[in-house]
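Residue strings, one per chain:
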Amino acid sequence: MQPLANITPLKPAGAIEVRNVGQIFEMKTQTVVALEDVSLDIKPGRFVVLVGPSGCGKSTLLMMMAGLREQTSGTITISGVPIPKPDPNRVGVVFQEASLFPWLTAEENVEFPLALRGVPKSDRRAKAQDALKLVGLDGFGKRHPHELSGGMKQRVSIARGLVQDPPVLLMDEPFAALDEQTRMTMGDELLRIWAATGKTVVFVTHSLTEAVYLADEVIVMSPRPGRIVDHLQVTLPRPRTYEMLSGDAFGVLRDRIWRHIRKSA
Amino acid sequence: MQSGLAVKATRVGIVVALFAIWEMLSRTGIVNPRLLPSASDTLVTLGDLLQRASVQKDLAVTATEVVTAFALAVPVGALIGFLIAENKYFSDVVKPLLFFAFSIPKSIFLPMFILMFGVGFAQKVGFGFFSTIFIVIMSTTTAVESVKVEHLTVARSYGATPMQTAFRVYLPSMLPVLLEALRISMIFNLTGVILAEMYASRDGIGHQIATWGENFQMKQLLAGVLMVAAIAIAFNELVRWVETRCSHWRT
Numbered sequence: 001m002q003p004l005a006n007i008t009p010l011k012p013a014g015a016i017e018v019r020n021v022g023q024i025f026e027m028k029t030q031t032v033v034a035l036e037d038v039s040l041d042i043k044p045g046r047f048v049v050l051v052g053p054s055g056c057g058k059s060t061l062l063m064m065m066a067g068l069r070e071q072t073s074g075t076i077t078i079s080g081v082p083i084p085k086p087d088p089n090r091v092g093v094v095f096q097e098a099s100l101f102p103w104l105t106a107e108e109n110v111e112f113p114l115a116l117r118g119v120p121k122s123d124r125r126a127k128a129q130d131a132l133k134l135v136g137l138d139g140f141g142k143r144h145p146h147e148l149s150g151g152m153k154q155r156v157s158i159a160r161g162l163v164q165d166p167p168v169l170l171m172d173e174p175f176a177a178l179d180e181q182t183r184m185t186m187g188d189e190l191l192r193i194w195a196a197t198g199k200t201v202v203f204v205t206h207s208l209t210e211a212v213y214l215a216d217e218v219i220v221m222s223p224r225p226g227r228i229v230d231h232l233q234v235t236l237p238r239p240r241t242y243e244m245l246s247g248d249a250f251g252v253l254r255d256r257i258w259r260h261i262r263k264s265a
Numbered sequence: 266m267q268s269g270l271a272v273k274a275t276r277v278g279i280v281v282a283l284f285a286i287w288e289m290l291s292r293t294g295i296v297n298p299r300l301l302p303s304a305s306d307t308l309v310t311l312g313d314l315l316q317r318a319s320v321q322k323d324l325a326v327t328a329t330e331v332v333t334a335f336a337l338a339v340p341v342g343a344l345i346g347f348l349i350a351e352n353k354y355f356s357d358v359v360k361p362l363l364f365f366a367f368s369i370p371k372s373i374f375l376p377m378f379i380l381m382f383g384v385g386f387a388q389k390v391g392f393g394f395f396s397t398i399f400i401v402i403m404s405t406t407t408a409v410e411s412v413k414v415e416h417l418t419v420a421r422s423y424g425a426t427p428m429q430t431a432f433r434v435y436l437p438s439m440l441p442v443l444l445e446a447l448r449i450s451m452i453f454n455l456t457g458v459i460l461a462e463m464y465a466s467r468d469g470i471g472h473q474i475a476t477w478g479e480n481f482q483m484k485q486l487l488a489g490v491l492m493v494a495a496i497a498i499a500f501n502e503l504v505r506w507v508e509t510r511c512s513h514w515r516t
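Quick note, the sequences are listed as chains A and B, same order. Its first residue numbered 1, the first sequence is counted upward by one per residue in our numbering. Its first residue numbered 266, the second sequence is counted upward by one per residue in our numbering.
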């Protein structure tokens with residue numbers, strides 16, 4: 001909140017603007033263009049999925065939005081302000097897996113971002129409780145990660161990402177390690193949480209079905225060099241249902257993404 | 266639960282059986298009782314020895330040496346290990362050298378320690394330190410490497426300062442490995458100090474054990490062995506108990 005207080009945001013909270021972003025890795029023998037001239041506008045409260053084959057730079061782009069990695073060229077703003085380093089007030093990040101601290105309980109993991117800024121214990125606990133309740137883990141706060149299933153661990157990760165109530169939630173293949181059924185359930189859960197909180201969500205995945213099922217918009221990327229090759233609006237009504245997966249509209253969208261990916265793979 | 270109990274009972278049974286065989290061998294004269302006094306006699310001697318002021322003093326001397334050597338070797342070794350692990354270049358250069366140093370039996374350096382430090386307290390502590398530090402350095406580098414990159418990224422993404430990262434991520438990540446290192450280091454440390462005492466010394470329990478051996482005082486010798494064994498096992502089990510309490514951290 002502080003970093004924003006004395007700056008008039010050019011964009012409302014939760015807007016993400018990516019302008020001509022490039023990323024070049026200089027290796028000994030070659031130069032790898034990880035991202036080339038990527039531009040993107042994400043409106044507040046949208047659910048946007050980045051999809052593409054390995055090496056297309058989707059995770060790299062996400063890490064830049066999180067302030068965890070610096071781009072070689074171009075600018076990225078979150079809520080109208082550049083993000084040169086992580087700012088948990090603006091952005092919460094949910095990682096792939098195994099990102100919970102095994103020595104902390106679920107609620108201590110959720111409290112971790114608050115503990116870092118010295119929020120008093122009782123406030124912390126209350127906020128962690130709320131966040132755990134939001135992700136459907138009421139009553140599981142005292143468990144350690146090794147006592148939780150894969151899906152529950154990712155719920156804790158989401159709660160940790162939301163505990164400071166940032167306008168943006170960035171998710172890097174959060175369900176990739178889960179089995180198919182858990183993955184479907186977690187997708188529905190995530191949509192419920194998203195609807196309840198109104199966050200801007202940027203979600204990276206390999207799965208075309210997951211992309212279309214979850215998204216308002218799908219950004220398709222291709223590798224060598226990493227760039228955006230398509231930007232789809234998913235107009236399927238919400239709430240999304242399992243039946244939609246076999247519908248024509250769903251198939252058309254998925255085929256369109258697949259054609260891009262097949263070309264670049 | 267029941268099988269766990271059975272395992273424990275069997276374990277106790279084995280120890281009891283060993284003592285019984287010992288008793289039997291000595292009592293029946295299969296082994297000359299002057300060479301192997303019976304277990305019961307040895308235990309009685311152990312009780313007597315523990316009452317004796319000179320033995321208590323020897324134990325105190327050894328304990329002081331062990332604790333001092335340990336208290337020096339662990340933080341110094343941990344610091345060196347940490348610095349090595351944190352610097353890629355330094356780590357590449359130094360690590361093989363550490364393995365070389367670690368593979369050399371430390372006992373061959375004992376005469377040099379005597380020449381340098383005499384046969385007193387400093388020599389025992391010095392040799393104990395020397396016996397221990399390599400394993401501490403190596404274990405610490407392993408411990409640092411056991412810190413998961415994902416956890417460091419999480420800390421960074423929530424704006425942790427270097428200090429917070431050290432105490433909230435590095436330390437708890439490393440703790441299980443460090444505890445194990447502590448336990449193994451103590452074995453090396455005890456061995457080093459007692460060896461130094463047995464080789465050349467005026468006091469300490471190692472010196473006593475060597476003297477009893479030279480004078481053919483088998484009961485005292487065996488009682489001394491039991492004494493040191495019990496102390497070593499007690500420390501080991503204490504740390505192992507703490508280890509098991511945080512074993513799920515490893516997952």
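Just so you know, these hints were derived from the structure itself, not from any lab. One or more hints might be untrue.
[As the list claims (entries may be wrong)] DSSO-like, lysine-lysine: derived pairs with alpha carbons at most 27 Å apart:
#1 A:Lys85 - B:Lys413
#2 B:Lys413 - A:Lys142
#3 A:Lys43 - A:Lys28
Treat the numbers as computed from the prediction; the structure is a model and nothing was measured.
Verification of the hints:
no.	hint	result
1	A:Lys85 - B:Lys413	holds (21 Å)
2	B:Lys413 - A:Lys142	holds (23 Å)
3	A:Lys43 - A:Lys28	violated (40 Å)
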